[in-house]
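From first to last, the protein sequence lines are chains A and B.
Residue 98 in this note's numbering is what sits at position 98 of the first sequence, and the numbering runs on without skipping anything.
Residue 156 in this note's numbering is what sits at position 41 of the second sequence, and the numbering runs on without skipping anything.
Derived from the structure by calculation, the hints contain no laboratory data.
In this text, a Cβ means the ideal position worked out from N, Cα and C, and glycines have one as well.
Among the clues, some could well be false.
[To be verified] Here are the computed lysine-lysine pairs in the DSS-like style, where the Cα-Cα straight-line distance is at most 30 Å:
#1 K185(B) <-> K171(B)
#2 K71(A) <-> K212(B)
#3 K171(B) <-> K44(A)
[Claimed, not checked] Computed from the model, here is a short list of chain A residues facing chain B with C-beta under 7 Å:
#4 F65
#5 N102
#6 I104
#7 E108
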Amino acid sequence: NAGVMQNPRHLVRRRGQEARLRCSPMKGHSHVYWYRQLPEEGLKFMVYLQKENIIDESGMPKERFSAEFPKEGPSILRIQQVVRGDSAAYFCASSPTGTEGNTIYFGEGSWLTVV
Amino acid sequence: SQQGEEDPQALSIQEGENATMNCSYKTSINNLQWYRQNSGRGLVHLILIRSNEREKHSGRLRVTLDTSKKSSSLLITASRAADTASYFCAAVYNFNKFYFGSGTKLNVKP
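Chain B extracted, bound-state conformation (with noise of 0.2 Å):
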């Protein structure tokens, strides 16, 4: 499967802790993007790290890209009860195909 695959499926923390979710792929990618729904609604464009890149932050998300391990993680630092969410990868190939995971489903308690 060219898919991400996340884990774990699950994540429960309490407000302030980080939250650290895994996603994994088979195939070489053009980048891997990281994406959040919100319950009942689409997904929505969080990050994007080249093949190229290992590291990047945007504000409290800090993601990173092992590409021998075809392995991505991504980090919430400082937690809020308004992360609750799911988070999905995609893996990308030829700059056009979108692949998701499973996701993580993250409960932020207050």
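Just chain A, same shape as in the assembly (with noise of 0.2 Å):
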């Protein structure tokens, strides 16, 4: 069973260009979160979402940024007009249920530079 797949691994942008992050969640699972890192920082809430629906989206940034995860294929989180504060890691996790005893489980990530 494949773990949480994320692509790129390292994505380059120059200042203003778009950048487009994949996820494809393990086998199974319906759940996809998003968070990013900052350099020797832990890792702040972004999205959360299930099959074609976005049930909390506080972490995002109220622009520029979005995600979405369709009925078919990966999730996407979308950064419009990068800017050098958005260079940072993002993290995919999914987990299958909303249950008690849910675990996430995570990507290795998508390191984001903008030059």
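Please assemble the complex out of the two chains, which come individually in their own frames, going by the hints.
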């Protein structure tokens, strides 16, 4: 059973370009989470999605950031008009269920560098 | 903030010693989970303790939870150089909301 797959692992964008980060959850998982980690810091919650639904986007910046988890295909985190402050590691995690004992499983992350 | 907050921020010990990390949170939780992150990698789940549990063991790991103080501790016994990593606690609300702290960076010297 493959784990959570994220791509690309490393992405370099110039200021003003768009960044698209993809996440394929573990097989059978219908819940996806996106977190951002700045160097030497913890993970900041961004958004929680189920298939075709955004459940909680309280951690998402109001502008330039969007996320989706379509019925078919991976979840996408999209950052428009990137700025240097967007440089960070973006982690996706997935879980099978929202019930007690739920554990989330992380991908290896996508490292975005804005130059 | 609903996030878990760990202390210390950094801990350096000799191989064979025990390492203790603490975590505090702000509001009632469903459970609290500890994760480990090696440099440049994703987080790996270590152990989960439910809100009605006080202590849990898994191999060399021992986790305690004090809901009256809204705090948890992770003890790694007989540490090894391979335990060198960052350790994060996640306070879990509504079963689906995971809030992570800034982590404790553990360095185990051989």
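Cross-check of the supplied hints:
| no. | hint | verdict |
| --- | --- | --- |
| 1 | K185(B) <-> K171(B) | holds, 16 Å |
| 2 | K71(A) <-> K212(B) | holds, 22 Å |
| 3 | K171(B) <-> K44(A) | holds, 27 Å |
| 4 | F65 | violated, 19 Å |
| 5 | N102 | holds, 5 Å |
| 6 | I104 | holds, 6 Å |
| 7 | E108 | holds, 5 Å |
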